[in-house]
Every structure is written in C-alpha cells, then in structure tokens.
Amino acid sequence: MTPWRLEILATGPLATVQDRGRPGWAELGVPRSGAADGPALALANRLVGNAVDAAGVETTFGGLRVRARGPGARYVAVTGAPGAVTVDGVPAPFAAPLALGDGAVLELGPPASGLRSYLAVRGGLDVPPVLGSRATDLLSGLGPAPLRAGDTLPVGEPAAPFPGVDAAPCSAPPGEFALRVLPGPRDDWFPPAAVESLCAARWTATSDSNRVGIRLSGPELRRARDGELPAEGMVAGALQVPPNGQPVLFLADHPVTGGYPVIAVVLGADLPLAGQIPPGAAVRFRSARV
Amino acid sequence: MTAPDGGLRAVRRVGDQAVLAELDGLPGVLALRASLAADRPPGVGELVAAATTLLVRYDPALTDHAELRRALADRARALATGSVAPPAPAHAPLTIRVRYDGPDLAEVAALTGLSVAEVVARHTAPLYTVAFAGFAPGFGYLTGTDPVLHVPRRAEPRTAVPAGSVAVAGGFTGVYPRSSPGGWRLLGTTDAPLWDTDRDPPALLVPGRSVRFTAIGAGAAA
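From first to last, the protein sequence lines are chains A and B. My numbering numbers the first residue of the first sequence as 1 and each following residue consecutively. My numbering numbers the first residue of the second sequence as 1 and each following residue consecutively.
By construction, these hints were calculated from the structure, which means they are not laboratory data. Yeah, the Cβ is synthetic: ideal placement off N, Cα and C, and Gly gets one too. Check before you lean on any hint, since a few could be wrong.
To be verified - Residues of chain B placed beyond 12 Å of chain A at every Cβ, according to the derived structure:
hint	residue
1	5
2	52
3	83
4	134
Stated by the list, open to error - Residues from chain B shown here face chain A by an in silico Cβ test under 10 Å; the list is partial:
hint	residue
5	14
6	39
7	133
8	139
9	156
10	190
11	193
12	207
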C-alpha cells in the first residue's frame, strides 16, 4: 500500500520539521532544538490523535502550501500563530481536525499575531530521526534540512485512536509580550539596578532573530565589570548580554555554552510565548518571585 | 589539596529549571560532573561542564533550587573528603592519529620559539582530558596542552576550517568534527570519525575521556 505523504508546494520564509527535540545530548554540544512553541505543536498532535512526540511542520510567518498524497483521507490540524487556513481555496477552521483527501491542497496564510504555526498530520511526519528526534536544528545542522518547495515528507501510520474533537479553543499571541524572568546567574556583572532597568524598559525584537535567539533592542545594559567570562552552560530563556548591551534571548536552537554574562532567565512556562515573538514586537520582562 | 567544601564556590540560579555550580577549577568541575552523572540526585537532568562551572538542569516537578543546592554541596564535600569515591572513567582512553601538516604549524612554531618538530613533539607528549564540549556537536575542549603551546586565537577567524582539523588556542586543544568557521590555530588533521549520529555515544570526545595524539606521515618523529 502506498504510504501517505505531504508534498511541499511553498514554505513561506522558513518551514522546518519539529518535534519535542533531542534533550540529553547537551554535554556533547547538541542543542535541545524542537518546536519553539512546544504546547502549540502538542495541541496540533492531540487534535489528530498523535503521540506527543510526533513530528509536524513549524512555519515562520505562514506561507505554507502542501498537497496531500495517499489513499483515503487523512486528518491534519494547524495551531500556533493564527493564520487563515484554506483547503482547495475554501476557508477552513484553525485548531481543528481537517480531513484532506488525495490531492487536496492546504494553504496557511501569514498570522495576524505571533510568528510560528504548526501543522500536524495524523500519523506524524516520518522522516528519519537523528539522536532520537526528527527536529531540524538550525545551529548544528542536525535533523532534516529546512523544507523546500518540491520536498515530499513521508507520513507514518496512526498509532492511537482518533479523538473525534471538533476544535480546540485557543487564544492568539498578544501584540506585546510580557515574559517573567528570574535574575542571574550573572546579574552581578551589571550594576545593582540593572535587572530593574531590564524590567522597566520596553524592548523591541529585531529582525535579526531566529530559532537560535531573539536579538532585542532597547536601552544599553552596561556592565559593572570588565574582563571576559569563561564560557559556561546556557539554557533556553537565557538573556545573554554581549558587549553592545543589547540582550539576546535564547530559544530552542541556542548554543549549549556561551561566553557573555546572562543577566536573567525567562521562566520555563513562558518559553512557548517567547517562541511566538515576531520581529518588531514589543517585549517586556517582569521579575518573578523566587 | 582540595578545599573542604570540595571547591564549590557558589550555586547560582539559572531560571527555574537549572543551576550553575561554580567551582575553583576544572578538576573540581570534572569530578562533580562525573560523580553526578554516575549517581544522579532526584530530578537532575542534563549536565553541561565548562572551564569553572557545571550547569545542572533539573525537573522542577521532582526537585527544587534549595534541595539541589544542598545535594550539590553535599556531593562536592563528600568528593573532597573521600567519603564518596570518584567513579571509574566511563570511556576507554583514545588515541588520535594526526598528520601534522596544518597551515598554522609554522606560525605556532614562530610564536613559541620552537621548531616545527618541537611543536609536534610537545603536542604529542601529554595525556589530554576532554574537559567539555561546545561550539559544535562533537567538538571537545581538551585540557593538558603544554603551556608552551598556549597561543591565542587567530586575529581573523577562518570562514571554513576543514573537518578533522586538530587545533590549539587559549590553552586548549580541539578537533573540528566537521567543516565550520573557526579561529583556532591548525596544527594538523585526523581521519578519526569524531561525530557519528548512528553511534552511541555519537561523539568520540566525550567529557572526562583521556586522549593522546600520535603523529603519522611526514610529521612523525624519526
């Protein structure tokens, strides 16, 4: 029997295969990677009855067009940053299971807010896993290359019963992003009021941002000391401050070590929201209680 | 002599899912990393060693900052007093065969006042230890480099360093697992399969592993 597959007709600015990433290899220099907005991909997987670790497509600013190929119909769902979804040119619901027959074309427009949308297919994308994950890691080049028009992605066999949900209510990402942070580990490299300054300012996400990190623009965060910090382990959510005083917020494909001081770290619960910050958006930080 | 606190200077908060243990040097980092890897306190996940720090990721549902802080202090103290033995090395020593034909060999000789043959002799003499990984999957920072060979990075990094390049900079030796930009000084090349995602572990240069370099081909000692 011919397996099910997705033909990529258009990718938008960037479309990659993502799943929950490859935790556990950081000490060999491998970023965790995986969906920048993990809960959004998890929701898409739930809507089509996939296991939580199934791989889907992560888009950046929409622009994805795919054609379904295979016997019978197969369910898909689009979640994350909400863009207009059509199937064969007919508007279709967002965050809802959609049945695609052989040859049907699904198109995802640019999101009204947020940045990254997710397409899950019942059965999951069945590209070969690398170190236990099918995620594209843009920093270290592990996993499949970013998708290109003309690619064909194999789809696996359904592993669990179809949930029979009509749609999942979900809220769109906001226009201004508020992220909670804990100070440190290197807040002592900055003047005593630096974390207050970080939290008082309104930052702008620059266009020089990707899955590795978001470069923020705002008031200069000056250091209180000179010298170089020996490279040390980094986490997603770290706000690393290079010598120009403009912080970089690390996302899923961040380097496992870095040599600039980290003034504060975004709480794990707020990382999916950080994954939806588009260039030009306003970003604020709030100091969380320890 | 290790301090009674095991050289643990501080445990810093890294958000709500990691801490950074600061130690007084690399030996303390490696000892704590090896001990935690062999016997993980509850909730401890990935460990990322660096020159003077160990990043410890944790599951906040299984432990918390205060508990982890105590566990790290207890472990460091136990290692220092000998009440916990350091675990046996997890990987056999590795010998890497190197053709000392790197484009920076003559420059390193000039910088150090040695002949090229002496540079090769000094580089093949020590038993190195993989201190930590980083920069790229499978890239290991090796300690043990002869102090004479502690040269700075190139002022202008190369845009493409060939895979298998054996290089020195800032007191470390490293091997580039694949072609990438890089500013280290290239002494030679190896065919050793440094990174293979179908192998477990995928990296040859695993933290804690002992490594020796031997010269092959034209650079080998007579």
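Of all the hints given earlier, name the ones this structure violates by number, lowest first. Of the numbered hints given earlier, those the structure breaks are 2, 4, 6, 9, 10, 11, listed in rising order.
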